[in-house]
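Each chain is listed here by its residues.
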Amino acid sequence: DAGVTQSPTHLIKTRGQQVTLRCSPKSGHDTVSWYQQALGQGPQFIFQYYEEEERQRGNFPDRFSGHQFPNYSSELNVNALLLGDSALYLCASSSRLGGGYEQYFGPGTRLTVT
Amino acid sequence: AQSVTQLDSHVSVSEGTPVLLRCNYSSSYSPSLFWYVQHPNKGLQLLLKYTSAATLVKGINGFEAEFKKSETSFHLTKPSAHMSDAAEYFCVVRNTGKLIFGQGTTLQVKP
Chain Z
1 DAGVTQSPTH LIKTRGQQVT LRCSPKSGHD TVSWYQQALG QGPQFIFQYY EEEERQRGNF
61 PDRFSGHQFP NYSSELNVNA LLLGDSALYL CASSSRLGGG YEQYFGPGTR LTVT
Chain F
1 AQSVTQLDSH VSVSEGTPVL LRCNYSSSYS PSLFWYVQHP NKGLQLLLKY TSAATLVKGI
61 NGFEAEFKKS ETSFHLTKPS AHMSDAAEYF CVVRNTGKLI FGQGTTLQVK P
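Chains as they are written, first to last, in my numbering: chain Z, 1 to 114; chain F, 1 to 111.
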């Protein structure tokens, strides 16, 4: 049973560019959440998707957007990259049927903005 | 608003000695609390969860945590540390589906 997978593992971008990160949830999960983890900090919630719609959003600007596909996989898009966007981006999946209490995390995508 | 505070940014123990990682929570109602572990360059792994059932929660790898409402605490313990326990530990509270993380505690295990 594959867990949560994310791609790519590492990414280097230049300020002002745009980036797309991808996530496939654990088998049987229908909800995907994205988190940003800056160096030395705890992860911060960006947003959550289920039924292909954004259901909750954290305190992140509109430059951060996402999408969920019919197969429950998800993308995180960040436009007009800033140096401060450099972080580990984590995807977590859960099942609404189970109450969504347990979120399973992928290994993350390390984004470096230069 | 719900939040968690990890009281120690860094804890150092010797292998074979007990581990105590401290966490206080703030919540206006009965919270769902978790401990996650993150090994270097790895994702987050769920150690254990509290969802208003038994107050003493047992997790993986010998870890357990006790929910104390009177003290608003959810401390993580392990009787005997192993070298492989060295990692970053996060206390987490669930708020309407999203997870709110503490700042983390780095556990160092000395031989």
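There's no promise every hint is true.
Derived pair list, reagent style SDA-like, types lysine to any residue, alpha-carbon separation capped at 25 Å [stated by the list, open to error]:
#1 Lys42/F / Glu102/Z
#2 Lys42/F / Pro70/Z
#3 Lys110/F / Tyr29/F
#4 Lys49/F / Gly3/Z
#5 Lys13/Z / Asp30/Z
#6 Lys42/F / Gly28/Z
#7 Lys58/F / Thr17/F
#8 Lys49/F / Thr5/Z
#9 Lys58/F / Thr114/Z
#10 Lys68/F / Asn41/F
#11 Lys58/F / Leu20/F
#12 Lys49/F / Tyr104/Z
#13 Lys49/F / Asp30/Z
#14 Lys42/F / Glu53/Z
#15 Lys49/F / Ser95/Z
#16 Lys13/Z / Arg55/Z
#17 Lys42/F / Glu51/Z
#18 Lys42/F / Gly16/Z
#19 Lys42/F / Val113/Z
If you are wondering where the hints come from, they were derived from the structure by calculation, not from laboratory data. Bear in mind that the values here come from a model prediction, so they are computed numbers and not experimental data.
Now the hints, each set against the structure:
Between Lys42/F and Glu102/Z, the direct Cα distance comes to roughly 18 Å. Compliance with the 25 Å bound is thereby established for this hinted pair. For the proposed pair Lys42/F and Pro70/Z, the alpha carbon gap of about 28 Å is over 25 Å, so the pair is violated. Proposed proximity of Lys110/F and Tyr29/F is contradicted: the alpha carbons are some 39 Å apart, above 25 Å. Restraint check for Lys49/F and Gly3/Z: the C-alpha separation of about 19 Å stays at or below 25 Å, so the hint holds.
Taking the CA atoms of Lys13/Z and Asp30/Z, the gap is near 30 Å; set against the 25 Å cutoff, the hint is violated. In summary, the hint linking Lys42/F to Gly28/Z is supported, as the alpha carbons are separated by about 23 Å, within the 25 Å threshold. Simply put, Lys58/F and Thr17/F have alpha-carbon atoms about 19 Å apart, close enough for the 25 Å limit, and the pair holds. At roughly 23 Å between alpha-carbon atoms, Lys49/F and Thr5/Z fall within 25 Å of each other, so this suggested pair holds.
Of the pairs offered as hints, the one joining Lys58/F and Thr114/Z is violated, with about 44 Å between alpha carbons and a cut-off of 25 Å exceeded. The straight-line distance between the Cα atoms of Lys68/F and Asn41/F is roughly 32 Å, outside the 25 Å bound, and the hint therefore fails. Restraint check for Lys58/F and Leu20/F: the C-alpha separation of about 14 Å stays at or below 25 Å, so the hint holds. Our distance criterion of 25 Å between C-alpha atoms is met by Lys49/F and Tyr104/Z, whose separation comes to about 12 Å.
Among the hinted pairs, Lys49/F with Asp30/Z is consistent with the structure: their alpha-carbon atoms are about 21 Å apart, no more than 25 Å. This hinted pair does not check out: Lys42/F and Glu53/Z have alpha carbons roughly 28 Å apart, beyond 25 Å. Simply put, Lys49/F and Ser95/Z have alpha-carbon atoms about 16 Å apart, close enough for the 25 Å limit, and the pair holds. With a C-alpha separation of about 28 Å, the suggested pairing of Lys13/Z with Arg55/Z is violated against the 25 Å cut-off.
Taking the CA atoms of Lys42/F and Glu51/Z, the gap is about 28 Å. The hint is violated against a cut of 25 Å. Distance restraint check for Lys42/F and Gly16/Z: the Cα-Cα separation of roughly 28 Å exceeds the 25 Å cut-off, and the hinted pair is therefore not satisfied. Taking the CA atoms of Lys42/F and Val113/Z, the gap is near 20 Å; set against the 25 Å cutoff, the hint holds.
Consistency with the previously given hints fails for numbers 2, 3, 5, 9, 10, 14, 16, 17 and 18, ordered from lowest to highest.
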